[in-house]
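S.K.: This is what each chain is made of:
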Amino acid sequence: MCNMDQALSEMLEISEKCARCRCGCCKDECPMYSEMLEESISPKGRNVLIRAISQGVLQPDERAARIAYSCLLCRRDELSCTAKLKNAEATETFRKYLIDKGVPLLPEHDILAKSLENYGNPWQEPKTARRRWAKEFTKRRLVPGKTDTLFYVGCTFALDRTLQESPKALARLMDRAGESYGLLLEDEICCGSTVKRIGHSKLFEKLRKENENRIRSTGVKRIVTACSGCFKTLKQDYPDLAKDVEILHSTEYLARLVKDGRLKFKRSDAKVTYHDPCHLGRHAEVYDAPREILNAIPGLRLTEMKNSKDLSRCCGGGAGVKTAYPEISGKAAIRRLKEAEKTGAEILVTTCPFCVQTLKVAAKATGSDIEVVELSVLLDRHSEHKEVHIG
Amino acid sequence: MIDALKREELRSRLVKALGGQRVLWKEADLLPYAKDTYRIRFDEEFKYLPDAVVFPDTTTDVQKVVQIAAEIRVPIIPKGGGSNRTGMLVPIHGGIVVDTIRMNRIVEISAPNLYVTVQPGITLKELEERLFEHGLALNQEQGSLRIATVGGSIATSGFSRKHQKYGTIADRIMSLEVVLADGSILRTGPKVLYTSTGYRLHQLFIASEGTLGIITEATLRVEPLPEARDAIMAFYDDFWKSIEAAERLMGSGVTFAASEAFEVEDAEPYGGPKGETSIFYVLLEGTKGEVEAETAFVSRIMKETGGVLSSPEDAMKFVNRYTSQWCGARAMTGFEDALTTYVPMERMREFYDKLWNDIMPRHGTGPLPGEKYSLDVGRYRIMAGRFFLPKGEGGWEKYQELLRDIAKLTTSLGGSISSCHGVGIEHKNNLDLEYSEVALDTMRAIKNTLDPDNIMNPGKKLPDKS
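Residue numbers (my numbering), protein chains in the order written: chain A, 9 to 399; chain B, 5 to 470.
These are calculated hints, taken from the structure and not from any lab test. Hints may be right or wrong, so weigh each one.
What the hints assert, rightly or not - Think about it this way: if two alpha-carbon atoms lie no more than 27 Å apart in a straight line, the pair counts; the simulated BS3-like pairs of lysine-lysine are:
| no. | chain 1 | residue 1 | chain 2 | residue 2 |
| --- | --- | --- | --- | --- |
| 1 | B | LYS68 | B | LYS169 |
| 2 | A | LYS279 | A | LYS350 |
| 3 | B | LYS129 | A | LYS317 |
| 4 | A | LYS25 | B | LYS307 |
| 5 | A | LYS314 | B | LYS129 |
Take these sequences, add in the hints, and give me the full structure.
M.R.: Take a look at the structure:
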């Protein structure tokens, strides 16, 4: 059985198990259902749709596609579902299934896909723009055989001008720790996370092959990335690469440096709370590393939100929802921000470019006093500086 | 579904009244409203689509929808969380599903008078969380509390495991607002717990299953949070020994909050010794002194009846995982159903003996492993159990016969067929076993007075007049 056949059979099995029960517990804390309160916009609702379409009761149409794309793939529902059904996996497969059936991508997603085909990134930026953030770090261009570690920046951190402090901060931290690493700059290729999540498997496979070849050609033994989406994709959707190359999220990498005493921080009396990105938390079960790092800053007070770690609520930024349902995505972000505010924290820390984007917009829209900061940026602020020589 | 012309008229009038964002009418959107968690025939999974789903925000919105439905003469199916298990929400004659889920505001919390007024669509979970912030609790813990709404719970006469100390939602209603079938708004009475003036109209809407009107507001009695809370749990090698303990507890006068005794496949995952097959737990709430004294008292009963006490941590862990155990078996085991029969205590053994040793084998089926015996200890005598549906050709018909035989047994012992899941479609043809023709005619007369055109959830609750 090929992978797609297996995925389809699992999708049908999940939707059948759900049909036997139909309790709707999955709606509890589902970020999309919480905002829309329509049965079809829930894991249960999508499972019903999967059954109806796969049994020929309903012909797939534009509305069915909208429902298929109404999921953040955040996996929070698996904790609410007594049977622990993997509804997010079923939904991702369903998207592929619809595309295979000839249902066109949503126009909003088509723009992302075309940008990837034409520019190699989802944000319609030229390839050379990838090195825009790295003016201070051009000497870190990766030379095969010279370093074992690739700092894989990812499209969004590299190209969103509002986020470029993050890769700079991470590079500075690595420099200060005396780490050897390299950057691909304009030669970096998109990991394909966005198209994978919207079910465009053909384009994903193309990107995966190109990216994997590029990475393998460098001979690195380790990839470090601060983007939770890239991390999940490289670690879980590049099975061959992940066998040969260690894939680390920046928080895991930095936690090692902290543990080894190679990164030290100045005292801080800040009160912070931490938002677990879905791709890092529930998808990859990295919960401790970011907290260990935050707790390594002397004096810093870390307070957990009501829903944290595996129970964390999605920021609303994932799986193409921000593009297809911008208003709902914004509401989900505000709901999460309110949870952060309730802790009394001054700073909301997270480690994913999409979470930073959505939560920052939510803070601005609501006039919140809380500051949304990417973890590397916070660490850079508190890092004990020492002179660094690059090259 | 109704005919195309009428449906188009309905859609356009609903859109005009509520706006396009609050009316669903495309098939892909209607599919999840074709059934609730009722064990419908699989080949009828998508048979009963509603014509439209609407999302009112206010009582006035509900009124507008009901007026349209009354004029066009289409059925209305009021909906809360959607977790009903007896088919109460299946739109067997099409019509409009009035989803109250966006009517989820808390209207008033009165701490001095210990009540809360809410719209019907708020979930029990959210309401408890919000009340907790005010040092109050509704104390309604049913398995589905994460998704069940206040309106749905009233319309089903929902269960609460904390019934012994705090009653069920039926005991906590002070006043209701209901939109009736002609669009008029009924206020059942003042926001008081007790009165001896008018007829207690709110009682009519408890377990009404949406057949008499749409509940649009409820005022419910709440209680202050207790000072202390503790759970105590024991394992037994024989279910009937745990029942001996339960009977002693019930006769003791201790006002426990919740208690259950039931069989499990294996007690080990719950921290019990190997070989033990039954669990009995008691949840105590009150002042610190009360809870300490009652814990000691209950421990003694458990030990004297052969129970092996669990650690306090395991007991509290077990109590706290209550809601996560609600429904998983359905998805994993497939074709099963659950009993929520209410049987007098002294007939319990007879009930289970006849159920498992006579009725089930006769229909070629039996219990799910570890789901044979269960008792909600206290005033609420649910004798529960889960069973596999009869399989093979004619399985559905055998299942209906099985339900009829269970109903015969339950009613012959002086009990009730469905203590907290309602009647819906599943039990309606067995109601003649539980109620006399005079009683059923009285119910039909009430229904006919409030809903002469039979637009409120038709075909549910009451058996057709033969």
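S.K.: Are LYS279 (chain A) and LYS350 (chain A) close enough, with their CA atoms no more than 27 Å apart?
M.R.: Status holds; Cα separation ~12 Å.
S.K.: Take a quick look at whether LYS129 (chain B) and LYS317 (chain A) sit within 27 Å of each other, Cα to Cα.
M.R.: Holds: LYS129 (chain B) and LYS317 (chain A) sit about 21 Å apart, inside 27 Å.
S.K.: Between LYS68 (chain B) and LYS169 (chain B), does the CA-CA distance stay at or below 27 Å?
M.R.: Outside the cut-off at roughly 40 Å; violated.
S.K.: Does LYS314 (chain A) pair with LYS129 (chain B) here, judged by a C-alpha cut-off of 27 Å?
M.R.: With a Cα-Cα distance of about 14 Å, the restraint between LYS314 (chain A) and LYS129 (chain B) holds, given a limit of 27 Å.
S.K.: Does LYS307 (chain B) lie within 27 Å of LYS25 (chain A) when you go C-alpha to C-alpha?
M.R.: 41 Å, violated
The structure fails to meet hints 1 and 4 from the earlier list, while all remaining hints are met.
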